[in-house]
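> All chains should be modelled from the sequences, with the hints used to inform the complete structure.
2 protein chains.
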Amino acid sequence: MKLYDSFRAPNPRRVRWVMAEKGVTDIEIVDVDLFKGEHKTPEYLAKAGAANVPALELDDGTTITESLAICRYLESVYPEPNLFGRDAKETAVIEMWTRRAEMMVGNPLMLAVRHSHPALAVLETQVPEVAQDNRATAERALRLFEDQLGRHPFVAGDRITMADIVAIVGIEFARMVKFRLPEDMPNLARWREAMLARDAAKAGV
Amino acid sequence: MKLYDSFRAPNPRRVRWVMAEKGVTDIEIVDVDLFKGEHKTPEYLAKAGAANVPALELDDGTTITESLAICRYLESVYPEPNLFGRDAKETAVIEMWTRRAEMMVGNPLMLAVRHSHPALAVLETQVPEVAQDNRATAERALRLFEDQLGRHPFVAGDRITMADIVAIVGIEFARMVKFRLPEDMPNLARWREAMLARDAAKAGV
Chain A
354 MKLYDSFRAP NPRRVRWVMA EKGVTDIEIV DVDLFKGEHK TPEYLAKAGA
404 ANVPALELDD GTTITESLAI CRYLESVYPE PNLFGRDAKE TAVIEMWTRR
454 AEMMVGNPLM LAVRHSHPAL AVLETQVPEV AQDNRATAER ALRLFEDQLG
504 RHPFVAGDRI TMADIVAIVG IEFARMVKFR LPEDMPNLAR WREAMLARDA
554 AKAGV
Chain B
354 MKLYDSFRAP NPRRVRWVMA EKGVTDIEIV DVDLFKGEHK TPEYLAKAGA
404 ANVPALELDD GTTITESLAI CRYLESVYPE PNLFGRDAKE TAVIEMWTRR
454 AEMMVGNPLM LAVRHSHPAL AVLETQVPEV AQDNRATAER ALRLFEDQLG
504 RHPFVAGDRI TMADIVAIVG IEFARMVKFR LPEDMPNLAR WREAMLARDA
554 AKAGV
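Going down the list, the sequences are from chains A and B.
Counted the way our numbering counts, the first sequence spans residues 354 to 558.
Counted the way our numbering counts, the second sequence spans residues 354 to 558.
Certain hints may be false.
Identical chains share a label here; the pair holds if one copy fits it or two copies do between them.
Said to hold, decoys possible - Simulated crosslink set (BS3-like; lysine-lysine; CA at most 30 Å straight-line):
hint : residue 1 : residue 2
1    : Lys400    : Lys442
2    : Lys355    : Lys389
3    : Lys400    : Lys355
4    : Lys555    : Lys393
Calculated from the structure, these hints are not laboratory results.
Shown next, in the form of structure tokens:
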């Protein structure tokens, strides 16, 4: 398999983090330079189907985009440690928290960065109100995670799951626009420190 | 099980559509009136954990929010017809298309409605630029679906899957703000007609 990756982008980092947690080392990494538009060449589009990274090319040539689809596929090939749940109920709880992390925190923070960081103006039109609204959405949602992390060591419960990876990657990416966790959220601070202390935090960073 | 539902909101409609495709009739439906703030009462928040509908309460009291987590859980209880994939590769392709439908079309259209329809101003602050940017995002992405639907009858291939349900619910919801499919997209038009002719299109509408 081959992973089409882009070093600084947040969605590929989710995949690299999952690979590191699972100790996956047999997937070839192909760097795609977004600033050179390598994700928009006819060759890349023919393969990936959309101008997105990451993309995972399977051995039969099928190519999957969308970080979460890729990560769940990787779990089927490299099942341990489990990050998506061991039975239907646990899978549902983990998917709920993964989506909360993504829809309420990770994606809004990514959009806040894309629509406000000067270096990204070349990639797409930036709308200040979109940056602002997304940042406010994420800030509001953090309270939910602070409360949850007061009850459990990790976002979806007692062990690290996909939900933690999505949340930390979004939060760390937003440091590009000087986003910091609010000081009155000690549980999030403790969790962030634990996440960044993991070997996987260094994967390709 | 009990489904906390809200008649006009798009995310609960995804769940009702899945239930209708699968012929599920043994889940109690509880209507939550968003305009009366019933999703923000202490009782609801204690149960659902967040001010969101839909929420599925399992028989052991565990409550799952997030429409896609709920739908995948329902698939584990009511496996036929299959909507999420039968093996790891098919599951990855379907999840990729489901997420494209959600991230590029469904969610942007929902945000466009929320930030521009006068009746929804009571639910949250509306930012015209956010409505505009999201509508433009969805319009750009439709070309990808038009091309895909020129190759396959349904979004993820030869049969209806979760990807179709997410796409059609988003597109139909956006009629509230007079969104229409572009006239130069005959494949999308043919697909939309086929989707709306299904019995499940009428589920709770």
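> Compare the structure with each hint and give your call.
We went through each hint and held it up to the structure:
Only between protomers do Lys400 and Lys442 lie at most 30 Å apart by alpha-carbon distance; the minimum there is 16 Å, versus 35 Å within a single protomer. For the homomeric pair Lys355 and Lys389, the shortest alpha-carbon distance inside one copy (20 Å) is at most 30 Å, but the shortest distance between copies (51 Å) is not. With identical chains, the CA atoms of Lys400 and Lys355 are at most 30 Å apart within one copy only, with a shortest distance of 12 Å there and 43 Å across copies. Taking the closest pair of Cα atoms, Lys555 and Lys393 come within 30 Å of each other only inside a single copy of the chain (28 Å); across copies the shortest separation is 40 Å, beyond that limit.
Checked against the numbered hints given earlier, the structure satisfies every one of them.
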